[in-house]
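> Take a look at the letters that make up each chain.
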Amino acid sequence: MQEHIQIDDNKQINNDLLSGVLSWPKWHLAAASFLALVIATGLGAYGWELNKGVGVAGINRPVYWGFYLANFVFWIGISHAGIMVSAILRLTQAEWRRPVTRAAEVLTLFSLLAALSNIFFHLGRPWRAFWIQPYDFARGIWPNVRSPFVWDPAAIGTYLIGSSLFVYVALLPDIAVIRDKSKGKVAKTVYGVLCLGWRGTPRQWKLQAVSGILLSALVLPVFVSVHSIVSWDFAVQIGVEGWHSTIFAPYFIIGAIHSGVSAVAMVMALMVWMWKGYDKYIRPDHFDAIGRLLIVVATTWFFFFALEFIYAIYTLEEPELALRELQVLQWPYGFLFIVFLLSSYFIPIPLWLFKNVRKSAKWMFWTTILVNIGMWLERFLIIIPGLARRQAFTFDWGTYHPSIIEILLVAETFAFVALGILVFSKVFPLVPLFDVKEGMVFRDEIKVGRITVPASIRE
Amino acid sequence: MTREYQDSNDPTIRDLSASSALSRELLAIHNRSCGTMFRTTAFVLAGLFILGVIGFVVKIITDGPEDKASWGYHAAVFAFIITTASAAPIVAIAPRMVKAHWRRSISRAAELWAVVGVLSLVLFLPLLAVLPSLADGRRTFWFYHPGEVPEFTPHVWTTLAILGLTVLGLALVWMSSLPDMALLRDNSSGWKQGMARRLAFGWKGTSRQWFIQKHRLGILGAFYFMMLVFAHFMIVADFLMPLVPGWIDALFPATHAFNGLQAGIATVLITMFFLRKYGGYRDYIGIDQFRSMGKLLLATSLLWVWFWFSSFNVLWYGAKPSEQAVLELLMVGPYLPIFLAVFVTVFIIPFFTMIWNPVRRSTWGPPLIAVSVLIGTLLDRVRLYVAAYSVPGIGDPKIDKHELHIGDVPSAVIPNVSDVLIVVGAIAGAILIYMLVTRIIPVMNIWEQKELLLYKVHKSFHRTEVQILGKPD
Chain A
105 MQEHIQIDDN KQINNDLLSG VLSWPKWHLA AASFLALVIA TGLGAYGWEL NKGVGVAGIN
165 RPVYWGFYLA NFVFWIGISH AGIMVSAILR LTQAEWRRPV TRAAEVLTLF SLLAALSNIF
225 FHLGRPWRAF WIQPYDFARG IWPNVRSPFV WDPAAIGTYL IGSSLFVYVA LLPDIAVIRD
285 KSKGKVAKTV YGVLCLGWRG TPRQWKLQAV SGILLSALVL PVFVSVHSIV SWDFAVQIGV
345 EGWHSTIFAP YFIIGAIHSG VSAVAMVMAL MVWMWKGYDK YIRPDHFDAI GRLLIVVATT
405 WFFFFALEFI YAIYTLEEPE LALRELQVLQ WPYGFLFIVF LLSSYFIPIP LWLFKNVRKS
465 AKWMFWTTIL VNIGMWLERF LIIIPGLARR QAFTFDWGTY HPSIIEILLV AETFAFVALG
525 ILVFSKVFPL VPLFDVKEGM VFRDEIKVGR ITVPASIRE
Chain B
30 MTREYQDSND PTIRDLSASS ALSRELLAIH NRSCGTMFRT TAFVLAGLFI LGVIGFVVKI
90 ITDGPEDKAS WGYHAAVFAF IITTASAAPI VAIAPRMVKA HWRRSISRAA ELWAVVGVLS
150 LVLFLPLLAV LPSLADGRRT FWFYHPGEVP EFTPHVWTTL AILGLTVLGL ALVWMSSLPD
210 MALLRDNSSG WKQGMARRLA FGWKGTSRQW FIQKHRLGIL GAFYFMMLVF AHFMIVADFL
270 MPLVPGWIDA LFPATHAFNG LQAGIATVLI TMFFLRKYGG YRDYIGIDQF RSMGKLLLAT
330 SLLWVWFWFS SFNVLWYGAK PSEQAVLELL MVGPYLPIFL AVFVTVFIIP FFTMIWNPVR
390 RSTWGPPLIA VSVLIGTLLD RVRLYVAAYS VPGIGDPKID KHELHIGDVP SAVIPNVSDV
450 LIVVGAIAGA ILIYMLVTRI IPVMNIWEQK ELLLYKVHKS FHRTEVQILG KPD
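These protein sequences, in sequence, are chains A and B.
Read left to right, the first sequence gives residues 105 to 563 (my numbering).
Read left to right, the second sequence gives residues 30 to 502 (my numbering).
Take these hints with a grain of salt, some might be off.
Said to hold, decoys possible - Among chain B residues calculated to face chain A with C-beta under 8 Å, some are: (1) D278; (2) A279; (3) A283; (4) G347; (5) L483; (6) F490; (7) V495; (8) I497; (9) G499.
The set of hints was computed from the structure by calculation and includes no laboratory data.
No residue lacks a Cβ here, since even glycine has one placed at the ideal position from N, Cα and C.
Modelling step: build the complete structure from the supplied sequences, incorporating the hints.
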């Protein structure tokens, strides 16, 4: 059954997809105000931490890394959604990608910024963060390039620049449309500058398409390197049992894709519900496609998770076994471990096997939220029990309790990403106009016997 | 917008007579008698295979199963066959799942390699005698305790995994070829017709039969993939890593399986080249297939280096003495030249050639690079298995099985004549089995080609003509 709605009138596509930009949806201001309030509270908490010192957070000896670092890894993971959905699906010419690429890319940008903010929350003296840069040769301050903490900013910075370019290049034709449709002089001027003189000439289209493909191909290795390096923050050292595992890089990447693609599905559901007219472009077929992708991704992730766990026990080293016991059998980690497994795999996967579930925005919304609860807990369970276990030569076996400051700052990152996407949607369309229009032109149908089969043009 | 398939006004649409002509053409290619080249190659391969059997018998008589180090090359060629031939059907399974049309002319060629799984099973059996029981105290994920865990658990489970893979592979080939066997039954004579009648299993082409065939093909493909990963895991977890004390690499079972995907792609690429050049399928296997496979080869080469570096970086940076010893054994010590050769042939050469569009878009580029990948894969298996089997201690409860010291890293094992004969004979046997199977089952998937006629139309689009491809739900 065809669930696609064919719209050949470009004006209608413009009006539908620019409704959020050219007018104010009623709920927009209320939602933005609430999110701004959460962010303000979080910033207040951060101010308190700056004033009193990082001791107001729950981190202590030996749990030096707590909520902030778990949250950092989580947001880095979510940031992989944009590239996974956009670059890979673009290179493989998957038609269903068209209405969802922009939202995925924007999610990448704001998640990366949220991830970076966690590093600042975690620093005792954040005003010295710039020391990571080789800023003053005369003083002989040179970052230790052998440290994964120096690799991190380089990788994340490159990824941020690459992703921003990726979003911007794809935005150019749409900005030109807004320029032409906006009424105010200021708006016309700003959009006119931003679209870099886009007129839609064949040469411009060719350059835009080529740069999109090139950026897709170039940003993919960066995307892999970012989370690999984040994983090596943990894995390359031998001090913490459970962290020194060769599988960490692929395991983190596939986990990132699992949580990231789930986040995209969640955002797709929100777009359908919250923006009028978007449901004509994001159809049950799109949820079905992303649901299928998620089954493959989640199962691959589970395979890597199983390998990581099996080979941890395989070592038969006592500290490693003690850590796994703490992680799986002792309160509260054992309980969290069960929640993590159920929510990230054992509840969503059986549900996604049903087509009706995959095609339902409501089901996909709630199941993908479950996945992300599970994946946040996964990062928590990797970091905290690894540090909290009892070990030799440590006088303090303090357990970890997150403080209200950490909770507020974690909430702030979620509000920041949500507000970022909201503000972006007010300035630019969340569904790429040109991509959707191209999809409408490329789409066709052929009749085979009594069945009508969806088809698309292949050059 | 909706277009009729049998639109007589559109001259570019192939009608039912085109479908019949396609069947006739492909059956004619399949049914033609073997050429001199085919026969000569088959005889040479059969001769090499017999020499391999002789080499195997000599090894049993001279070395016996007790000398583990002498069986490294046998283990390596077994791993090579399962990494290449058994992984090749994935090239048919994965694109079929995502409904990529370019796979249609190469899917059968890829699936037929599953038949060579029988040889993998035969090559594996001697290793059962070589690997001692768990009672020697080695590290194992079976967590052996006398009396609680059967001491030959690895032998049983790995055999079941490889047997399962072989059976699933045969079932996959049979299920895929059912409609073509029926076609062969109705359009051939002699022994081929008799064989086709038995294999067609009463196929009439009813809607129900088609539904069941496609459904089961999907399920068998998914199970084959999962069983392939499981078999690789079992082989690595029981027949490779525990042989080296201190080798703890959680990623390696996945790496081993993943190497199979790259080598499987390379195997199919070389097969495609020969089918196009000498098999009479020039009109069916074209640039589209080579380009798509070239892209996959490029992607898998990049993933190869990422998997390798993920393991290497963690072990090297951690600088634990036992892990340094493992790196010394497998990479930077006695097998360094082989490791460097692997790195060049499996990553450097494919990466720096396949990034160029003109190379990917040629019928010679991807197969040539595939040869490099297959050479690298064989060397990689030699590096890993020969090194692992040469480490002393396995089977001897008195020697520590949990840590390897750099001073204890054995020197490289140079192959003797019987080793060379076994390696060459096994590879020749694999190719020979494949060639013989192509005489029974059409190497070109006829029903998938005919199906493509239904889903592919051409139409004019502004000033050019475009191809429209249907993707059924």
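> Against each hint, give a clear statement of whether it holds in the structure.
Hints, verified against the model:
1. D278: With a minimum Cβ separation of about 5 Å from chain A (threshold 8 Å), the hint on D278 of chain B holds.
2. A279: 3 Å, holds
3. A283: With a closest approach of 6 Å, the A283 of chain B hint holds.
4. G347: 5 Å, holds
5. L483: 5 Å, holds
6. F490: 7 Å, holds
7. V495: 5 Å, holds
8. I497: 5 Å, holds
9. G499: 4 Å, holds
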